[in-house]
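With the hints as constraints, model all of the structure from the sequences given.
Quick mapping for you: the protein sequence lines, in order, are chains Y and P.
Going by this note's numbering, the first residue of the first sequence is number 3, and it counts up by one from there.
Going by this note's numbering, the first residue of the second sequence is number -1, and it counts up by one from there.
Keep in mind the hints are simulated off the structure, nothing from the lab.
Any given hint might turn out to be false.
[To be verified] Covered stretches of chain P (chain Y as the covering partner; in silico rule of three or more C-beta atoms under 8 Å from a C-beta of chain Y):
1) 83 to 96
2) 114 to 128
[To be verified] Sample of chain P residues facing chain Y (criterion: CB under 10 Å; computed from the structure):
3) G38
4) D137
5) H144
6) L145
7) E204
8) A291
9) G294
Predicted, not measured: the structure shown is a model, and the values here were computed from it.
No residue lacks a Cβ here, since even glycine has one placed at the ideal position from N, Cα and C.
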Amino acid sequence: MRMKRFVIPGFVLFGLLVGWHLASSFMIAKAIAPPNAPVKSIVRTMLHSPYQMATPHRNLLSSVGLEIVPRAQAACGTGGTCTGFEAKNFCGLNDCVTQCNNYCHCPNCSASGCTNYCCTYVGLNTICSTGTGTRPCEICERDQSSTNCTPTNSPAP
Amino acid sequence: MRSAKTVLLGIGVLCCFPAVARPQRLELDSQFEAPGKNAGYWANWDAIQERLVFHRDVDDPALPAVRVVDHLGKSLALYPGRDFSGSHHVDIWDAKGAPDGDIVISAIVAYGPRNRAPIPTKLLLLTYDSAGTLRRVWDVKPYHHHLITIDSAGDVFAFGHSDSTSGNVPLIVKYSPQGEVLKEFLRANLLPMGAGAVEAHSNTGETQMFVKDNRLILYIAPTQELFTFSLEGDLLTRMQLSTTFGRVAQLTESAAVQSFEFGIDSNQHIIAQVRLYPKDRAKPSSLALIRIAPDGSFVSATPPVAGKNDEHEFLGLTKTGAPVYLELSNKGSLMVDLNKHYELPWLKCI
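Written as structure tokens, this is what we have:
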């Protein structure tokens, strides 16, 4: 009778720990799997992942919380709507490639430095502010693109 | 008997002239690789492993996003697009070599066309081993890391911003090789611009971060400040370099100075490549290497060189303190020639 008093809570505790571990592993695999991946595929990734996986800034509770209530879009600056775009240096479709023979950083390109920047969707929203770039990328901070970057769903200036 | 003497003589000669690993020419021929929107590469120099690490954004999983060329001429191509099936494109924000031969990448894997938003994205730190196999995937959301560097213990330092609503987020995160957060430091409110300082472009140059002699060095271009941290994240020094660059501008009669790659030599002097913009806008800009004392004061510089577009790009210093430049070979490939000797800022002054 006394034995039973310890064994049952022990099993419950063990079950909870195993459940916690499995649920954590599942949420990590889900974070890394493609969006809308089927549960079967996530479980397979969880059990037979060829690489080590981690979500350093989330634990099981915060991951579950984010699943239930997705993070609200953060209000940003004075520049208006957050879009999740940032200016990123890039190569290709610009003078940099022809002038610098396929490397991106022309150190002696006198006019612009020969580094082009274009809006790219990142998904974070806090550093958007009043745009200082050129159309159609005004929404990116300090975007200096002169290229054909066309984020079609970005708000009009 | 005679052959035995010859062998002994040969051994004697070898003993007198110990084998030295001869520095090599590291070369990447990317001319015919994906012309168009995924054409060019960014280059980083891995001083410890003596490797060139090239990276770029790719829209096609069949294209390598990272290429590594080591001092033995061995080349390695990494294809993150293949490792994330269903992804539309992969943007590489930074890629650095780790002391154990691994390559760590800060990447955004996107599951939708570039010209549409919102699309699902994964903000990841990826680790590939020296054979090109993906070994670690860390989803670092809500962080977006613009720059990364790795210390000798394999800990990863990442400089970026987060979508936290607090505004006073730590801008540097130190991760263990297992993907645990070991330390978060450099709070945004320490900087006049806050988290806005983590941006891709500034008129004053490019932000840089690297580990040297067990210290983490961070130069924030928008505020022209150089921070030195211990590897535990303690702030050791904070230097404002705008006066130094102002002095360089004054001495060279330039209107503006932009700084790019940084290195620290064995005397703890800062070596930086700067672009000098003349007051007469019709004239071309020129390049120089400058040397800055550990207290932030200007020491010397190489004479400014007004070169052509293919003028070489400073990538950092070798273990022995020699400058490393990315150049174009005669046939148009990208290369670093470690046999070349370059003029250093302590040899000549402007």
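Here is what the structure says about each hint:
| no. | hint | verdict |
| --- | --- | --- |
| 1 | 83 to 96 | holds (count 5) |
| 2 | 114 to 128 | holds (count 9) |
| 3 | G38 | holds, 3 Å |
| 4 | D137 | holds, 4 Å |
| 5 | H144 | holds, 9 Å |
| 6 | L145 | violated, 12 Å |
| 7 | E204 | holds, 8 Å |
| 8 | A291 | violated, 24 Å |
| 9 | G294 | violated, 23 Å |
Of the numbered hints stated above, those contradicted by the structure are hints 6, 8 and 9, listed in ascending order.
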